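S.K.: Residue strings, one per chain:
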Amino acid sequence: MSDSIRDRLKAPAGHGEQAGGGDTSRSDVTSGDFVQTDSRSAHGPGQTIPSPSATQAGDGGTGLVGGGHLSDDPKRAKRAEQAVAALFLLSLVGVIGFCVTFAAWPYEFGERYFELYTPLLGIFMTLSLLGIGAGAVLWAKTLMVDEETVQMRHQLSSDPKDREATAELLKKGFEETGLPRRTLLRNSLLLGAGSLAILPVPFLFGFGRFQHKERVLAKTGWKAGSRLLDELGRPVKMGDLEIGGAKTVFPDVPGGRRLADSAAFIIRMRPDELKVKEDRKNWSIDGHIVYSVICTHLGCPVKLYEQQTHHLFCPCHQSTFDAADEAKVLFGPAARNLPQLAISVDADGYFVARGDFNEPVGPSYWERKPHYSEPKYNAEAGS
Amino acid sequence: MTSTRSRFSGYAVLLLALAMVGGLYTAFGAPKSKAADGANQSIAIEEGRQLYLQGCSTCHGLNNEGGAGGPTLIGVGASAVIFQVESGRMPLAAGVAQAPRKKVKYDRTQIDQLAAYIESRGGGPTLPKGRLDDGDLALGGDLFRTNCSSCHNFAGVGGALTRSKYAPSLKPADERVIYTAMQSGPENMPRFSDNQLTVDEKKAITRYVRYITHEAKDPGGAPLGRYGPVPEGLVAFLVGIGLLIVITLWIGARA
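In the order they appear, the protein sequences are chains A and B.
All residue numbers for the first sequence refer to numbering that gives the first Met the number 0, where the first residue is 0 and numbers rise by one.
All residue numbers for the second sequence refer to numbering that gives the first Met the number 0, where the first residue is 0 and numbers rise by one.
Hints are supplied without guarantee of correctness; some may be wrong.
[To be verified] Each computed DSS-like pair below joins lysine-lysine, with the alpha-carbon atoms no more than 25 Å apart: (1) B:Lys216 - B:Lys170; (2) B:Lys164 - A:Lys274; (3) B:Lys164 - B:Lys102; (4) A:Lys276 - A:Lys222; (5) B:Lys164 - A:Lys327; (6) A:Lys236 - A:Lys274.
[To be verified] Chain B side only, calculated, beta carbon under 10 Å to chain A, not exhaustive: (7) Thr161; (8) Phe191; (9) Ile246; (10) Trp249.
Please keep in mind that the hints were generated in silico from the structure rather than gathered at the bench.
Just so you know, these numbers come straight off a predicted model, no measurement behind them.
From the three backbone atoms N, C-alpha and C, an ideal C-beta is built for every residue, glycine too.
My request is simple: use the sequences and hints to build the entire structure.
M.R.: This is how it looks when you write it as structure tokens:
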């Protein structure tokens, strides 16, 4: 048996690719007693398998078939067996180690060696899985009998007689429904079933009156009169920022510092550096100006402020905004200016918002209407 | 035996004498030096002026008025001097987009003299008295993440800005440089007044920066520049795929 295997191994690989497919397959089947054929195939392999299938079936030297075997060398076989057994036992060690670590290793912050808790779990789990896997591969490579087999495919199509019978059955069944004769039934069925195709058409035109009217995406937490709070919850007042200073601020509403869409950035620059157009002249005070920090491209926080160039820079895709000129886009993929928050100062000297941002913050979305709240600021500009 | 003892006793007497001299100096000499503080200060200012005229006036002007080469230094305060000179950025070597950190040209005394001189020219922020490294670490972390990390990265390793400018790594900066940077807002860094971040809050940030750049461990072993998920993902991908290829080759190889 083993001799014949070795002979087979010496034979050139990729026999299936040699010319004359059908013949080669047949010779495979007849030459080796270990070659199996598909028992379900009712036909002889040589007749039914055309040459392309034979190429696939014959495992044309794809390297999936190993070559070594130690069954004739008891000493080496013994060693290989021990190596495989060691790997399997390593798996056992891994499982025990995992359970012990899970149950007993210190894991709370600050405990001695607590930082090894997760790595140890990982190492032991790796050992437990890798031991079984590597052992199995080594076992297959060294100890199992190694042979090439050819398994013939059976023909994919059914017997012509069966096919004819099925076709006959279907035809008869169709006639028995009466559809060929009863035209009213047939036409009404076509009309009713065909109309189902119209069902998804309304969805192409949006959800109509179910569309949300709240404009949740267009609004943020800022209300007229809310103070500007810093990250520790303190209101920011006039004079807190020096020229060249900047600060992240949040609206003074319940949970305001957790409203991701409301984060804003107050910047102070020399008033003569700030370009203020007539329609926004009441939106900033004495060189203090507030913008949304959410990039109009994909929503990253734009807080990289350069106090000399007044660039606001988005770290994600390098969009650059000019903080001195309505945060207009100087560079990068952002399509729109950063929304601006109009501010004023209350009686106690604290900055307050005069409403929401002038535009919906952040990236575009389908129902976005630009400038929807802008006129409100200028209507109350008398304050 | 006797000679050994006498040798030791000689040292003991010498030490005692030194301690007494020191004690006497502290007791009587110290008040005198306090009285002479103003005089020392004006000496420092004069020394600083000489250093300034030699090393800085070419660009910043003979009267700190600034010029084509450099900005005015009136009103920038001692903190700006300490930051710029102690980090080696000044004197500037060449006109580039951003002054790089270099070898420091002046010693600590000279820097303090320069700072005293500039401070005398219109005031400005100065370092607070006392230690800078005893801030509240947890508060510093909170403040660092909202105020600093957007440019300097969560781990303080710095990052790119627009047009070949960059936020530098915070690792080489000592406490004085970190603190004065916040006060003076060098180059394109925003300035943080004491109303915006109090002295204690700036100390907390200073403490936190020193902690993340020098004391914090890398639990994963290699920091990979601490740039975050991009290099980590790359390494995981390359190592993972490489390992899978090796395993595949081993499974497929003939024994």
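S.K.: It remains to establish, for every hint, whether it holds in the given structure.
M.R.: Against the structure, the hints come out as follows:
no.	hint	result
1	B:Lys216 - B:Lys170	holds (14 Å)
2	B:Lys164 - A:Lys274	holds (24 Å)
3	B:Lys164 - B:Lys102	holds (20 Å)
4	A:Lys276 - A:Lys222	holds (24 Å)
5	B:Lys164 - A:Lys327	holds (20 Å)
6	A:Lys236 - A:Lys274	holds (22 Å)
7	Thr161	holds (5 Å)
8	Phe191	holds (6 Å)
9	Ile246	holds (9 Å)
10	Trp249	holds (7 Å)
Of the numbered hints given earlier, the model fails none.
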